[in-house]
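Chain A is already provided as a structure; the job is to place chain B on it using the hints.
Number of protein chains: 2
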Amino acid sequence: MASQLFSFIGGDSGDWRVVKMNAVVGATLETVNYLQIFDEDFAVTPPDAHWVLRGTTSYGRYVERAEKEALSARQPTLNRPEAVCAALIPISKSEAWWNLAQDERRKIFEEQSKHIEFGLKYLPAIARRLHHCRDLGEPFDFLTWFEYAPADADAFEELVDFLRRSEEWRYVEREVDIRLIREQTQPI
Amino acid sequence: MASQLFSFIGGDSGDWRVVKMNAVVGATLETVNYLQIFDEDFAVTPPDAHWVLRGTTSYGRYVERAEKEALSARQPTLNRPEAVCAALIPISKSEAWWNLAQDERRKIFEEQSKHIEFGLKYLPAIARRLHHCRDLGEPFDFLTWFEYAPADADAFEELVDFLRRSEEWRYVEREVDIRLIREQTQPI
Chain A
9 MASQLFSFIG
19 GDSGDWRVVK
29 MNAVVGATLE
39 TVNYLQIFDE
49 DFAVTPPDAH
59 WVLRGTTSYG
69 RYVERAEKEA
79 LSARQPTLNR
89 PEAVCAALIP
99 ISKSEAWWNL
109 AQDERRKIFE
119 EQSKHIEFGL
129 KYLPAIARRL
139 HHCRDLGEPF
149 DFLTWFEYAP
159 ADADAFEELV
169 DFLRRSEEWR
179 YVEREVDIRL
189 IREQTQPI
Chain B
9 MASQLFSFIG
19 GDSGDWRVVK
29 MNAVVGATLE
39 TVNYLQIFDE
49 DFAVTPPDAH
59 WVLRGTTSYG
69 RYVERAEKEA
79 LSARQPTLNR
89 PEAVCAALIP
99 ISKSEAWWNL
109 AQDERRKIFE
119 EQSKHIEFGL
129 KYLPAIARRL
139 HHCRDLGEPF
149 DFLTWFEYAP
159 ADADAFEELV
169 DFLRRSEEWR
179 YVEREVDIRL
189 IREQTQPI
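Chains as they are written, first to last, in our numbering: chain A, 9 to 196; chain B, 9 to 196.
Take these hints with a grain of salt, some might be off.
Said to hold, decoys possible - Residues from chain A that face chain B, not an exhaustive set, calculated with beta carbons under 7 angstroms:
#	residue
1	Val71
2	Lys76
3	Trp106
Unchecked claim - In the DSS-like style, the derived pairs of lysine-lysine whose C-alpha atoms are separated by at most 30 angstroms in a straight line are:
#	chain 1	residue 1	chain 2	residue 2
4	A	Lys115	A	Lys129
5	A	Lys115	B	Lys129
6	A	Lys129	A	Lys76
7	A	Lys115	B	Lys122
8	B	Lys76	A	Lys115
9	B	Lys122	A	Lys76
10	B	Lys122	B	Lys76
11	B	Lys115	B	Lys76
12	B	Lys115	A	Lys76
13	B	Lys129	B	Lys28
14	A	Lys122	B	Lys28
15	A	Lys28	A	Lys115
16	B	Lys76	A	Lys76
17	B	Lys129	B	Lys115
18	A	Lys115	B	Lys115
19	B	Lys115	A	Lys129
20	B	Lys129	A	Lys122
21	A	Lys76	A	Lys122
Treat the hints as calculated values from the structure; they're not laboratory data. Built from N, CA and C at the ideal position, the CB exists for glycine as well.
Isolated chain A (complex conformation):
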């Protein structure tokens, strides 16, 4: 449960090829062809980087004990060989959201929006890692990284559509949707 910093670098090279990029709400990001993910901070920004987004894994802010156990029992790891599709979805929520108290945010997040309950239906098909970045002074509040197999692409669309129609998403004021395909390992 220790926090770990990840950097997502959009540029001209990387392990993930961008197949689609669009702003769902608010300002977009510059279109890039590739994404590289670093699992630590890096001293020098790669020369071909067009943008860098950083975020840390952290403890859950809303998940209760029973939900935490249900998630742990079903959530897959990243880097499964069949999961060659990915999405990076950076979002920011409004000041109205951040000014809510904890019980109000939890009520919207789960009792009204079923964020955890609905998300559980897509496990173990869709792997996910949430990165927090609001407290890092970054342009987004969260970066969520998803990995799934091509056979689960429709399920992923269903999940994303459901969340975007939720009460919680009324507080999302910026969202960019980046879809990617893992680059084939080069033959030696």
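Here is chain B on its own, set in the frame of chain A:
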């Protein structure tokens, strides 16, 4: 409710003179004579800095609506002329704490430890600003800064003692207690 970064610099100069420093639990910090607080990140660490601790203000993780309103109605601002006494109390909590679910942490924090309810009794005497730093990769999880008048020094000891005896504090594995006095403004 926007996050704001603060840096606390222990060294040989600053607006606050250190009058006492001790480790309550776990490793101490190097003893310094003065503390300087910057309300933003700084490009160059002052040459006399012995250590720098950074943290950001953020949204409340446990405070519910009624508590938030009670706190807002009573909490004083920092920099009151009479509040020449201060304390900087950096703490870290254990992995056992961070592995708890939100409902478990809330129960310990408030229902068992009365962190908010008891703290409210000391308002508006004691001003407080909480800084989060776990997700910044800092050596501590939180930095809490308190300011109070000399007449409220006993009340402050009572508050600190109460929290240290609480169930919540069983999860604190490192705590340093730094007491300070505001330096007199130099006559022109």
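Consistency of the hints with the structure:
Residue-level restraint check for Val71 (chain A) holds (minimum Cβ-Cβ distance to chain B is 6 angstroms; threshold 7 angstroms). At its closest, the beta carbon of Lys76 (chain A) sits 5 angstroms from a beta carbon of chain B; the interface hint therefore holds under the 7 angstroms criterion. Nearest Cβ of chain B to the Cβ of Trp106 (chain A): about 4 angstroms, under the 7 angstroms cut. The hint holds. Between Lys115 (chain A) and Lys129 (chain A) the alpha-carbon distance is near 20 angstroms, which keeps this suggested pair within the 30 angstroms criterion.
Note on Lys115 (chain A) and Lys129 (chain B): the hinted pairing holds, with a Cα-Cα distance of about 28 angstroms set against a maximum of 30 angstroms. Taking the CA atoms of Lys129 (chain A) and Lys76 (chain A), the gap is near 14 angstroms; set against the 30 angstroms cutoff, the hint holds. For the hint linking Lys115 (chain A) to Lys122 (chain B), the alpha-carbon distance of about 22 angstroms falls within 30 angstroms, and the restraint holds. Annotation: proposed proximity of Lys76 (chain B) to Lys115 (chain A) holds, straight-line Cα distance about 16 angstroms (limit 30 angstroms).
Taken as a hint, the Lys122 (chain B) and Lys76 (chain A) pair is honoured in the structure, with Cα atoms around 25 angstroms apart against an allowance of 30 angstroms. Under the criterion of a C-alpha separation no larger than 30 angstroms, the hint pairing Lys122 (chain B) with Lys76 (chain B) is consistent with the structure, at around 14 angstroms. For the given pair, Lys115 (chain B) sits about 17 angstroms from Lys76 (chain B) by alpha-carbon distance, which is consistent with the 30 angstroms threshold. The suggested pairing of Lys115 (chain B) with Lys76 (chain A) holds, with an alpha-carbon distance near 16 angstroms, which does not exceed 30 angstroms.
Restraint check: the Cα-Cα separation between Lys129 (chain B) and Lys28 (chain B) comes to about 25 angstroms, which is no more than 30 angstroms; the hinted pair holds. Straight-line distance between C-alpha atoms of Lys122 (chain A) and Lys28 (chain B) comes to about 50 angstroms, which puts the hinted pair past the 30 angstroms bound. About 33 angstroms separates the Cα atoms of Lys28 (chain A) and Lys115 (chain A), which puts this hinted pair outside 30 angstroms; it is violated. Restraint check for Lys76 (chain B) and Lys76 (chain A): satisfied, since their Cα atoms lie roughly 26 angstroms apart, inside the 30 angstroms limit.
Taking the CA atoms of Lys129 (chain B) and Lys115 (chain B), the gap is near 20 angstroms; set against the 30 angstroms cutoff, the hint holds. A hinted pair counts as satisfied when its Cα atoms are at most 30 angstroms apart, and Lys115 (chain A) with Lys115 (chain B) qualifies at roughly 17 angstroms. Proposed proximity of Lys115 (chain B) and Lys129 (chain A) is supported: the alpha carbons are some 28 angstroms apart, at most 30 angstroms. For the given pair, Lys129 (chain B) sits about 37 angstroms from Lys122 (chain A) by alpha-carbon distance, which is inconsistent with the 30 angstroms threshold.
Between Lys76 (chain A) and Lys122 (chain A), the direct Cα distance comes to roughly 14 angstroms. Compliance with the 30 angstroms bound is thereby established for this hinted pair.
Violation of the numbered hints given earlier is confined to hints 14, 15 and 20; the remaining hints are satisfied by the structure.
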